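Residue numbers (this note's numbering), protein chains in the order written: chain U, 532 to 730; chain G, 302 to 513.
Read the hints as simulated data drawn from the structure, not as lab findings.
Owing to the predicted nature of the structure, the values given are computational and were not obtained by experimental measurement.
Mixed in with the good hints there might be a few duds.
Negatives, chain G to chain U, calculated, CB over 10 angstroms [what the hints assert, rightly or not]:
hint, residue
1, R348
2, E413
3, A416
4, R421
5, P422
6, F424
7, T433
8, R448
9, G449
10, W504
11, E509
Once the Cα atoms are required to be at most 20 angstroms apart in a straight line, the calculated EDC-like pairs of lysine to aspartate or glutamate come out as [claimed, not checked]:
hint, chain 1, residue 1, chain 2, residue 2
12, G, K327, U, E566
13, U, K683, G, E492
14, U, K551, G, E388
15, U, K551, U, D567
16, G, K445, G, D485
17, G, K327, U, D650
Beta carbons are placed, not taken as given, at the ideal position from N, Cα and C, and that holds for glycine.
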Amino acid sequence: MAHDSHPTAAPIARRAQALKDALDRKKLIPDGFIEDFTKLMEVDWDPANGARVVARAWVDPAYRELLLRDGTAACEQFGYTGPQGEYIVALENTPTLQNVIVCTLCSCTAWPVLGLPPDWYKSFEYRSRVVREARTVLREMGLDLPESVAIKVWDTTAETRFMVLPFRPAATEGWSEEKLASIVTKDVLIGVARPIVPT
Amino acid sequence: MDGIHDLGGTNGFGTVPHRINSLTYKPVFHEPWEHLAYGLLFLGADRLRTFNVDELRHAIERMEPRQYLAAPYYDRIVVGTASLYVEKGVLTQAELEELAGGAFPLARPQTEGRAAGSPRPHFEVGDEVVVTREFVRGHTRMPKYVRGKRGTIVHRTSVEWPFPDAAGHGREARRQPTYHVSFDARDLWGETAEVSAVVVDLWEGYLEKADE
Ligand SMILES: [Fe+2]
Numbered sequence: 532m533a534h535d536s537h538p539t540a541a542p543i544a545r546r547a548q549a550l551k552d553a554l555d556r557k558k559l560i561p562d563g564f565i566e567d568f569t570k571l572m573e574v575d576w577d578p579a580n581g582a583r584v585v586a587r588a589w590v591d592p593a594y595r596e597l598l599l600r601d602g603t604a605a606c607e608q609f610g611y612t613g614p615q616g617e618y619i620v621a622l623e624n625t626p627t628l629q630n631v632i633v634c635t636l637c638s639c640t641a642w643p644v645l646g647l648p649p650d651w652y653k654s655f656e657y658r659s660r661v662v663r664e665a666r667t668v669l670r671e672m673g674l675d676l677p678e679s680v681a682i683k684v685w686d687t688t689a690e691t692r693f694m695v696l697p698f699r700p701a702a703t704e705g706w707s708e709e710k711l712a713s714i715v716t717k718d719v720l721i722g723v724a725r726p727i728v729p730t
Numbered sequence: 302m303d304g305i306h307d308l309g310g311t312n313g314f315g316t317v318p319h320r321i322n323s324l325t326y327k328p329v330f331h332e333p334w335e336h337l338a339y340g341l342l343f344l345g346a347d348r349l350r351t352f353n354v355d356e357l358r359h360a361i362e363r364m365e366p367r368q369y370l371a372a373p374y375y376d377r378i379v380v381g382t383a384s385l386y387v388e389k390g391v392l393t394q395a396e397l398e399e400l401a402g403g404a405f406p407l408a409r410p411q412t413e414g415r416a417a418g419s420p421r422p423h424f425e426v427g428d429e430v431v432v433t434r435e436f437v438r439g440h441t442r443m444p445k446y447v448r449g450k451r452g453t454i455v456h457r458t459s460v461e462w463p464f465p466d467a468a469g470h471g472r473e474a475r476r477q478p479t480y481h482v483s484f485d486a487r488d489l490w491g492e493t494a495e496v497s498a499v500v501v502d503l504w505e506g507y508l509e510k511a512d513e
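I would like the entire structure built from these sequences, with the hints used as guidance.
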């Protein structure tokens, strides 16, 4: 059988196109379906969405309470719903606790609030190591946490989609929500980075 | 399935290829074909309802291990998706290979899977549980690094989802809540563990109440 003899596969660009063409020939792809879905992936699902959620939670205690109690409802208030965003749980960091998200089995991520998972998040290096040696992995990636900060790793093995709620850095008093959101990156929402206030 | 995809805790991989906050993450896709992977997956899973996402995950797990390791991420999505369209009778491997102008290796054959166990009382936050010591040949969402381990429930989902060990095989799948179960990292990785706790999201059927 083909898969036992490891034939050299056709280049992936040609295989992907072949799959599309085969479905097209059978008229199975509705007009605009691929284009619309691609727009969701490239434009609508963006870490700026999660950043707006975090900034709101930093300035509005009632919203923060809702986000921690029912992340799905809190994200819905901004319209951030859809596939891979049906059950969102926010994980609250403190100065002595860093939450970190992974999917060791594949690539699960809260698409509507974080955007599609980045390549490094899907890498075998991250998936294999972060549940076991997170402190070293984070240090290698550029986040050197003191021993006084506990690290809790969340493995996205079922249908819950996580987002990290970082703690608001000092020296951001009086900032607008928009400015606060600007320091919340995709890496911050995954938990491998902390918001940095430009000096 | 104790497959190549179940990577949590595996030793030997090197540095994660990323420095924090070094990327804008735009453009989202790097190759002109990459958007087709999820697009054609969601066509099958969401629009045509030819298969479900658990079956897709399992199709990728069924890739020959060397093929899995060598293929970039979106290549694996394409292979898993194509395998399901073929297995469900929508397409044939021959037509895919004709259109691709070369070999189009698919996942290894689907197996039977298993049904969910009978319903039982839910666990509560704070309960101590043990992950069942089951060695499942088909699809499962219990990573092997927690098999047989004891943990504490920190959250029960308010929604229930189809039991993946059945759904991943296209079988009727009873719904269950999942639980965020917190494990002391030392129980998983020994006394020198670098992490305080690992929290894993587990279907009810993977858990038993721990002895006092
Ligand atoms: Fe995943």
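Verification of the hints:
1. R348: 7 angstroms, violated
2. E413: 19 angstroms, holds
3. A416: Holds, because the least Cβ-Cβ distance between G:A416 and chain U comes to about 18 angstroms, which exceeds 10 angstroms.
4. R421: 18 angstroms, holds
5. P422: With a cut-off of 10 angstroms, G:P422 remains clear of chain U, as the shortest Cβ separation is near 20 angstroms.
6. F424: 14 angstroms, holds
7. T433: 15 angstroms, holds
8. R448: Label holds. Min Cβ-Cβ 12 angstroms, cutoff 10 angstroms.
9. G449: At roughly 16 angstroms from the nearest Cβ of chain U, G:G449 sits farther out than 10 angstroms, so the non-interface label holds.
10. W504: 6 angstroms, violated
11. E509: Given a closest Cβ separation of 17 angstroms, the condition holds.
12. G:K327 - U:E566: 18 angstroms, holds
13. U:K683 - G:E492: 16 angstroms, holds
14. U:K551 - G:E388: 17 angstroms, holds
15. U:K551 - U:D567: Holds, at roughly 15 angstroms.
16. G:K445 - G:D485: This hinted pair holds, its Cα atoms lying about 16 angstroms apart.
17. G:K327 - U:D650: Judged against 20 angstroms, a Cα distance of about 12 angstroms means the pair holds.
When held up to the earlier numbered hints, the structure conflicts with 1 and 10 and fits the remainder.
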